[in-house]
Each structure stands twice: as C-alpha cells, then as structure tokens.
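Residue-level listing of the chains:
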Amino acid sequence: MNDHTPLLRAEGLARYHDHGAVKALDGVTFETHAGEVLALTGPSGCGKSTLLSILGLLDQPTRGRASIGGEDLARVRDRASFRARNIGFVFQFHHMVSTMTLLENVTAPMIAMGVPRAERHRRALDLLDQMGLSGRANFLPSNVSGGERQRAAVARALINKPLIILADEPTGNLDSRNSQIVVNLLMDHARAQHALVLLATHNPDIAAVADRRIMMRDGQLVAST
Amino acid sequence: MIFLRNVRRAPARSLMTALGIAVGVALFVAITAITLDLQSQIDGATSTYNLEVVVYERRATSPFSSRISPAQMQQLQSRYGDALSPMVMGSLNEKWSAYALVVGVPPAFLRRIPLTAGSVYQEGSGEAMMGEIASQRLGVQPGQAVSIDSAQVRITGVFRTGSRLFDGGIMTSIATAQRMLAREGAEPQFTLALLGGTKADQSAALIREINTRYPSLRAIPGTEFAGALRLMRVVDAFVTTISVVALIGTCLVVSNTLLMAIAERTREIGILMAVGWTPWLVLRMLFAESLVLCCAGALLGNLFALGLLRVVNGLESVGFGWIPVRFPLSLTAASLMMALSVAVISLLWPAMVLYRMQPLSALRHE
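Taken in order, these protein sequences are the chains called A and B.
For the first sequence, the residue numbers in the working numbering are 1 to 225.
For the second sequence, the residue numbers in the working numbering are 1001 to 1366.
Don't take every hint at face value.
[To be verified] Cross-link-like lysine to any residue pairs, in silico, SDA-like; alpha carbons within 25 Å at most: (1) B:Lys-1095 to B:Ser-1069; (2) B:Lys-1095 to B:Gly-1126; (3) A:Lys-23 to B:Ser-1361; (4) A:Lys-23 to B:Gln-1358; (5) A:Lys-23 to B:Val-1235.
[What the hints assert, rightly or not] Listed next, the stretches of chain A that the computed footprint assigns to chain B, with coverage defined by at least 3 CB atoms under 8 Å from CB atoms of chain B: (6) 53-62; (7) 76-84; (8) 95-104; (9) 109-119.
Calculated from the structure, these hints are not laboratory results.
C-beta: ideal position from N, C-alpha, C; glycine also.
Next comes chain B alone, as it looks inside the complex:
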C-alpha cells in the first residue's frame, strides 16, 4: 500500500500527528460523554419514576436552584393530592464526597426505588438511605453512620436507581433534607414538585393549568427537565466550543503534516504529474494518508478518553457518580466522523498548493 509506506516514511512525524489528533478526539469524546451521560441520567430518572410534569420556581435560573415555599407546596398538594410528590434536592460538600447529592422525598416515592440492602428510613428520625455507588466507594453498610452537615446520619438502607448521579448520593426524608440544605436562618424550602401517573394529554392540560394558576411557578414536561437545567446549557455550549477548537486544532496539525509531505516530495509529485497524474490524483493519494492518520488518531483518542474518564472518575474532588467510565458506541462513531471531517478539511490548503504546482518546477525541486 503506497499510502501506508508514505505514512511510514516519516514515522516520528506521523506518530506525533496521530497523537495530536488523539488529544483532540479524546477531549471531544470525554467531554461529550460526560454531558450525554448527565443528560441521560436525568432523562432516565424522570422516565423511570414516571414523572410527567416537573414544577419549579419561575424565576429560578434552573430547576436545581428553585425555591418553592411551604405555602405554595401546600396549595399544590391540596389541589393535586397523591399525584404530586414534593422534592428537595441539592448537593453538599462533605468529607466523604465533594458533591454529595442529597434528595429529600416522601416515603411514598421510595416505593418506586429498589433497595439492595437494609430498610427505608423513618420520617423525621435523622436517618437516610445511601446510593449503591456511594455505599460501595465508602464501604458503608446499613446501620453505620456518616457525617452530614456536622451531624451524624444513620444509614438504614442502600438503594439503586440505575442513575449513577442519584446512586452516588443519599436520599432522606423531606424534613431532614430541608434541614441539611437550608441556609442558616432561612425558612426550609422545597425544590420541585413532581407530578406522575398522568397520561400525555392530561399532562399538557396540567402544565397549562399550573402555568396559568400559579404565576410564580413554571411547569414543564418531565422530558424537558434536563434541557431546562442551566448547567446543561452551559455544558452544551462548553462542549460545542471544545469540539470546534479540537476540530480546528487537529485540522491544522494534519494540514501541516500534509504540507510538509508535499514539500518533501515535491520532486516525486512532479514525476507523477509528468507521467500524467492530475493534482486530483495526487490529492487522492494524500487523502488516503490523511485518512490513515485521522483514523489512527481517532481510535487512540477513544482509548485516551476512556482512560481520562476513569482517572477523573477516581478523583475524590469530583464526587461520586458524576463522571461516566464508558461511553456509547455512537460517540465512537461520531468521533470517527469527526476524524473523517478532519481528513477532508485538512486537505484544503494542500489542495491549493498542488493546484498551483507546475510539473516542471516540481521536477527541478531540490
């Protein structure tokens, strides 16, 4: 294979180019994997727990920063009864986890969540259940205590939701969670109101009703919850920026390599043109080389991304459950498509050089 021999012609340069592409691809894959995972975890949780409608404070920049007063929650509960479940949610920086997700839900909600060990906590008893990932990472068993917000909380059971984000935190009663998450001196608040067990057309009517009847609240379909998170929008923008920068960077690296190859092989390109090759034929040969480098870089980049995710996942400062340790094949496919785009885009400049090249001056090139 001519193109493989050409790639091997300058092995160090080819290796450095492939590594450069790999770094760009690894960044793209790792960051996209984190975003997709976060989104799919939130989406998964809302669909698993049958949450058709999520209600949060209208002026909140995201559902996580929402504050619903006890009076408002009482109004909602009296109107929607058992279909509505209040929720308190937030994260704490604790010794045992830098971002410990704390979720306060009524015992009725817990019927939907399978326990892997122990039992459900009692209301108002200062007890909590720990997610499976947090329990494994900390080696905490039911009956043991952990320190949360300077108080000892007894772990009564271990739950598994299937969402690593939740399984890396704790669940406790509404009152306990409110106490943990409330700012000093502030009145305990609710974060969300969740409505489940309704049909699609009923959900739409409910959303319209809540948005009309309670101007200070916003109701959205559960499927839009992840998209409503400001964090997700920021991360999306960040991922797009990183992807574009990675794409441009890798294109420049590959372009530079191809231009160097043209400069080194000018006389040989002149020979090929003399025997009838068009710039297009020469470009086709360069494209094969570019494709080999980009595919090698993409595959290496996927391996780097896996390693990177595992390392970051192991960092205590990141908290449990926030970083995935694997990613879907579709992301690998997307990274290969990115590599293919790089292989094509990076040919633009070399193509201009080739189309301007005169066979005679190329043949005389020293």
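Next comes chain A alone, as it looks inside the complex:
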C-alpha cells in the first residue's frame, strides 16, 4: 500500500436502530490516508461516536462497508485481534481499569497481542516516560489526576503502534491546559508513528489542530474542510 492509497475508506455506512426508526448513521462516505489527523465535529447525537464504534469494530453497520488498509471490516473474523493490532482507542472518560496500575493499563493491549512480559514493561515504561508519567507507572488510576489518567489512556492507545487512533472526545473531561497537553501528546506521537487519527470533538480549538475537519449532522456528513 502506497501513500496515495486510502488507509481508511467508508462507503455508505449506516447504522439504524429500532427497525430503522432511529438513524444514528445514514450513508456516510469518506476516505482518509495514513498520517492524517481528521476531526469529526457536530452536535451531540449526530453520529460521531457511532461512526468511531463501527470503524473500531465495536459495532457493525446496518448497511454500507468500511475497510482499513484494504481489509474489508465485514470480513474480519478475529475482531479482537484486529483491534489490538490496528486500532487505538482514547475515550472521553479515560476508561481505565481501576484495579490495574497505569503501567498495567498501558500494557493491556500488548497482552492481547501476546507480547512477552519483559518487552511489555519496557515499552510501556518508555512510553509513560514520554508522556511524563514515569513516576506514576505503579499508581492506580484513582491515585492520579484526570489529566494524568488521560495521558495514560493516550499511551495505551499508542502502545501497539496502531494504524488508526480513534479518539472520542478525548479532552471532554479536562480543563483547557490539560486538554492542550493531551492533544499535543496524541498528535505528536501519532504523527511520529504515521498513524491516522480520527478525533471526535465539540471543541473548535481542538478541531483546529486537525489536517481536515468533517462536520456531521443527523448521521450524515454535511461539510468537509
């Protein structure tokens, strides 16, 4: 695959609930390349999270198709393994496992990949250090600040060097200073890894750092800049 081949392609993606009465996503088509940062904007309930869930193989579309790296997502048999290898998630509320230390949370995607323990720890400690969390590695999430938790969540999303990072309102629960820190870390590391970032956000300042912005409304793409 060369740089001109889209890494991610969505064709007419739709997700209906209640036998079509609710159209969470309604015919979304777009494509994007590796290394791009794409901001998804739009009001609450416009379908941003649904789109990310389908692209992250957490949900299945009612119709339409999507592919990552040329692989049709509908044909992926081992979806858990595909997620572990190719997709990094950053959620709004950091979503850490409360009984795992930050280090263990960051190593979790590598466990799914079968990476040996020593290598898991080495890579996770290195990344936590880059996130400014080396002194917090063995802390439980409840013992660190919200900003630190979200930085650890970013480290967890990046640890397997995925093709795509799906960030759903990653700064929604942070103050502006921490928001900036988290977004900068996410962007810097994603660009260094040449990963595609799909960033769902309400925040125009955050959306401004993206290479491209797609606006959604009522489950459809309404503008692209």
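Guided by the hints, dock chain B onto chain A, whose structure is given.
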C-alpha cells in the same frame, strides 16, 4: 497482582465466598477422614493380627451383626484347630462410653497384643482389659473396676493395638463377652471366626472350602473385611453424597461471586475487549481470582475440619476412638483438587456471559 487486587476489591464478599468454600471443604474433609480412618483401622487390625480369613454368618447384613452358633464354631475349631480363633464382638451403651466396643477373644489371641500396664485377664473370672485410649480418658488403672452391663468388671491390664477403635474399648474372655452382649434369654453366640498364619494360596483354598462345606457361613479374605461391613458401605454412600452436595454448593457460591464481579466490572471488561482482549483472556483473569478464593477456602476448610474433628472427638456421646483428630496429607491434597475443580466448574456460567458480551454495550454499561 491484578487478580489479588480484584479479590480485595470487595473484601467482605471475597471473605464470605472463601468461608462458603471452607464449609464445603470442611464437610468433605471431616467426613472423608472419619470413613478413611474407620476403614484403615479395621484393615490395620486384620493385617496386624495376621487374619487372612474372616468367617461370618452368610445371611448377616455385615460381619458385626453375624451370629455363629456354638455348634458351628465347634465344627470349625475341630477342623482348623489352633489356626482358628473365635471372636465375639459388639458395642454397648454404657455410662462410661456411649459406644463401648467389647471384644471377646481367647487368651491365645492376646499373645499378639502388647500390654502397657497390668496383666491378662483370667478366663471366666469377670475380668477384662481396657484399651489405652479408654483407660486414659476414664483415668482407669489396672485393679480398678468399671460397670458393664450392670455388673462390676475388674480391669486387669491396659492394652494398645494401635487401632483407636479397639483401644477405645475393652477385651475380655469369650464367655464374659458373650454374657455381656447376648440378648436376654438368647443362647450365647459367636460373631466371627478368624483364621490366621496361612499363606495367600492356602487362604484362597480355605475360603473356597469353607464356603462350600458350610453353606450358612461366608468366608472372605481379611483384606475385604472392612468393605464387607454394611456400615462402611452406608458411610461411603453418605460421604459421596455429601461430597457431591458440597461440590455443587461451593460451585454455586463461587459462580455467583464471579457473576457479581462481571456485573460490577462490565464497563472495565468492555475496555479490555476494546483494546483487544478476547473473552478467553478475561476468563483467565477471572480464573486466577476464582483460584485464589478456592485455595483460600480449601486451606481454611482443612483448618475447620481439624477443629471439627477435635470437637466431635471430645463429645461423650460419640464414644472413644471412633473419630480421628488428624487426617492424612493426601486428604488435604484431595481437598485442594476439589477446590481446583470448583475454580474451573464455577467459571462455566461466567464464561457463557462473557462470550455473549458485546464490547460496545459493555463499554456503555452504567
């Protein structure tokens, strides 16, 4: 350790689960210990006293309820001579012991039993020897008298067979034991005829001969004596039933705990699935938690069982020598295996829940 932190996450629930497992394990261990001990005592006695063949009444439901008439015993004695030893055996409910084992044997048999104090009783003198455990528990010394069957019996000596069952009772002459154990108005009977000092192939031939020549009697190898006791078969069935019930009960307790853990941690399980964990990986984490609870429960259960046996052993209504106060390490190992089985079986239901769980709905779980 993640699984230990998960177990400590709900300490009261984890403790109650471990205690639930401990109760099941304690029941299994205590009851099995009693059965194994009874069996090993009987087996030990038959091998220690070189009893290759045991003869009892064919229609008796067990050797203990056997009744061999004096005429039959005389026939056996005239045929097998000194190799055969008649025995009268039974238990009495006396003030000094609720289940006092009374064994009547000829003086020749007593040559095989070491005395720790005093001397052997005289035939027909109303004397008896007391087992070491009974003697210690009652504080009876040779020369003192105890009341048996409303009569005073003088204790001439204290013996130690190594079998607590026998050492918790008394031994006396055949005639005295027959008098003690006979129903009012009934003719004195013998319980068993014991044949010893023969070789294995001779024993087999003897058994065949007795079973053919005396249709009203049954001869069995001494090694099968414990198994021939109806009591042992009943206890075996009881132990099996209790073990199965304990296993099912503990599995349900642990399953319930794991299901509650899944319900409480659904969102966190969703996070792990989102980052690529399969249900199998999540299940492995739950298995470690289940194993910790089950092992803790098994160890506690063994301690409970020890305490339980000591308490029951001290009860006067149980009698002396019937309850062991310790059990073999193999039983502890068996209880750990039981705990391991519980840890595995109790994962079945949680596994079904996990395999049906969708990552997205788990992530959205409140």
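Which of the stated hints cannot be reconciled with the structure, identified by number in ascending sequence? Of the numbered hints, 1, 5 do not hold.
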